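*Asks:* Heads up: the sequence lines are chains W and C, in that order. My numbering applies: residue 1 is where the first sequence begins, and numbers increase by one. My numbering applies: residue 1 is where the second sequence begins, and numbers increase by one.
If you're looking for bench data, these hints aren't it; they were derived computationally from the structure. Since the structure is predicted, the reported quantities are computational estimates derived from the model, not experimental observations. A portion of the hints provided could be inaccurate.
[Stated by the list, open to error] Label-pair distances were calculated between CB atoms; the ranges are:
{"#": "1", "chain 1": "W", "residue 1": "A72", "chain 2": "C", "residue 2": "S117", "range": "41 to 47 Å"}
{"#": "2", "chain 1": "W", "residue 1": "E27", "chain 2": "C", "residue 2": "E119", "range": "41 to 47 Å"}
{"#": "3", "chain 1": "W", "residue 1": "G56", "chain 2": "C", "residue 2": "D45", "range": "24 to 30 Å"}
{"#": "4", "chain 1": "C", "residue 1": "G63", "chain 2": "W", "residue 2": "W93", "range": "44 to 50 Å"}
{"#": "5", "chain 1": "W", "residue 1": "A29", "chain 2": "C", "residue 2": "G153", "range": "22 to 28 Å"}
{"#": "6", "chain 1": "C", "residue 1": "L167", "chain 2": "W", "residue 2": "S85", "range": "52 to 58 Å"}
{"#": "7", "chain 1": "C", "residue 1": "R88", "chain 2": "W", "residue 2": "R287", "range": "41 to 47 Å"}
{"#": "8", "chain 1": "W", "residue 1": "L283", "chain 2": "C", "residue 2": "R83", "range": "46 to 52 Å"}
All C-beta atoms, glycine included, are put in the ideal place defined by N, C-alpha and C.
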Amino acid sequence: MTLFPTSHDRDTELLSAYLDNQLSPAERAKLERRLETDSQLRAALDGLRYAKTTLGALPTVKPPRNFTLTPAMVGQTTRTPRRVSPLIPALNWATALAAIVLAVLVVTERSGGLRLETAQPAAAPEVAVAQESLPVTEEDGAALKSLTPTPEAESLAAPALEPSAEPLAGESGVGAGAGGAPIPPSGEPLTGVGGGAGGAGGDASEGVGITAATPDVLGYAADANAITPTADESLRVRNAAETATPIPTPTPTQTPTPTQPPPLLFAELVALALLIIFIVMGLILRRL
Amino acid sequence: MDEPALIREAQRGDLDSFNRLVLEYQSPVYNVAYRIMGEADSASDATQEAFISAYKNIGGYRGGSFKGWLMRIVTNACYDELRRRKRRPAASLEALAVVDTGPDADGEASLVSEAESPESHAERSELADTIQHCLDTLPDDQRTAVVMCDVQGLDYGEIAAAMRTALGTVKSRIARARLKLRDCLQSAQELLPAAFRLGEERP
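This is chain C alone, in the form it adopts within the complex:
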């Protein structure tokens, strides 16, 4: 994929070129949205809004990490939705009800291979649920920063650009998020698979 060429074509209004970029980046964008929002429907809405906004504003893209630029847009879309939820608590309760339907409804079942045993599938689901639960306890800015760093592998500079904040702020947010995650995971040892329990052999 010639990313710069596709970006140039998209900046000229070529929707097909932009859609090739969408297909390339929709998985990391959706995963960030999913980890920030905590459930599939809101993550889908935020992802779609992010790509629409990206296409309409691609003329303002001035180089650098295109993935980081997309992450900033999807992060903003997620923040907008989270702010709306805070203004309307009923919507937040509905979202929680959707989360309670289980990981299968959120799409993680698609990751289960046919050869995976039911026990292994259950362990993976428990791990994902526990981590997501701990993520949900974090403040929005810390959750976003640590997801972009540890889940999507963005460096501090990309995260700072995405969150439109200083590099030192990103460093602080990630450190504090990891500290809280450590405490949360420590308190949920019995819910984690054996490989992820403290004092057990790490994989």
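Chain W on its own, in the form it takes in the complex:
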């Protein structure tokens, strides 16, 4: 025997919805009129209300923990706007600029090196001639005399010659002594020669002898003795040198070495260092 008689499915739905106040006013009024006269329907309603009331008596279960989310749970590393250092854009531009400057410097340097190499054949014979004439002997003195020093070479030689030439200009007897005495071909020191000229001229001729001790300078020194006995004559020599056609002479800076690449200039090194620094700083800032 069941305490609650089963009812029709339609009535069960009506009674359940009645309990939940989900019927329209017309349905509700009609059902209430039936409940007044139908005891089985009332018993069915009591059974459903019992189930509803008992289920509602279920205690609320306290959650064992909080269910708040962490960024890792929802993979929010991509959603959260990442704080980007404001220096990174500036570093990007600086890196690009340093790279461009470095490239321009390298290209310019290399093209300059090519120009030197292409200009080299024109200057090379004269350089070769000049280099061949470097081991000067006394017999080549005349040929060397014909070589007028370039202004650059004169500027290099003048400081060495003039200090010795000026004292010579004051000593009238030295020029005769030096000119009268034959210059030894072996390039012996001229102290012995100066000694014959007198005590006063000995010091001066000793100075000349020291500068003329090496064979390659000997001829030039003899030339200097010949053409710069006085200050006026040294001026004339200088004027003549300026008016003469300059002949390219080998200088340390103009000596090309075609087989070696051009060395990095200071500016290139600076640009390269800046480029490396900017790249490293950029990497560090992006890692932070």
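For this one, chain W is given, so just place chain C on it according to the hints.
*Replies:* Relative to the frame of chain W, chain C by itself:
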């Protein structure tokens, strides 16, 4: 709590705002999951999955009852887990073993106040166990509908939205669930506290 503002902020990706909504609704969401799943661990997993899914899909929320929207998500999470259990019976047996550990392990002990007597605590535990047992005998869709209605107090429209079904279907599921619960409770009268036995005075 300004719920619409929090929802808007959460839709913009503000996790803190969403977490305030979580704190507000985690109890009803967890309770629905607990009553559907029948044990604490699966209910916790389903609740967590539901909130994660809710956050990821909150852009699709278009107004209406936010609680009902959350209930739909947690219901789906529970259904997914129940379907997995049916495919893997071993997992279901493990869950039953967890249920057998008693209500204390499921968190209901936290409801017991210090002043409650041991007898009262035992009665409440028996009532909860018997009701949960009867709920577990229901089909998933009926259990879900009746829990949302009678335990969480959602109206038929919210339940229909949560279960993505017609209002008439919800009405039918709840009615049939109550009918089966009535029969189940009737057969377990001796396990119920005196106040919940048929023929006794109702509280």
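*Asks:* Taking 46 to 52 Å as the stated bounds, is the beta-carbon spacing between W:L283 and C:R83 within them?
*Replies:* 50 Å, holds
*Asks:* Per the hint of 41 to 47 Å, is the separation of the Cβ atoms of W:E27 and C:E119 within bounds?
*Replies:* Since W:E27 and C:E119 have Cβ atoms about 45 Å apart, the given range 41 to 47 Å holds.
*Asks:* Can the suggested window of 41 to 47 Å be confirmed for the beta-carbon pair C:R88 and W:R287?
*Replies:* 45 Å, holds
*Asks:* Between C:G63 and W:W93, does the C-beta distance stay in 44 to 50 Å?
*Replies:* 48 Å, holds
*Asks:* Take a look at whether the Cβ-Cβ distance between W:A72 and C:S117 falls inside 41 to 47 Å.
*Replies:* 45 Å, holds
*Asks:* Should the hint that W:G56 and C:D45 are 24 to 30 Å apart at their CB atoms be regarded as holding?
*Replies:* Holds, at about 26 Å.
*Asks:* Just to be sure I understand the hint, the distance between the Cβ atoms of W:A29 and C:G153 should be within 22 to 28 Å; is that true here?
*Replies:* This hint holds: roughly 25 Å between Cβ atoms.
*Asks:* Given the hint of 52 to 58 Å, is the C-beta distance from C:L167 to W:S85 inside that range or not?
*Replies:* 57 Å, holds
Violated hints for the displayed structure: none, as all numbered hints are satisfied.
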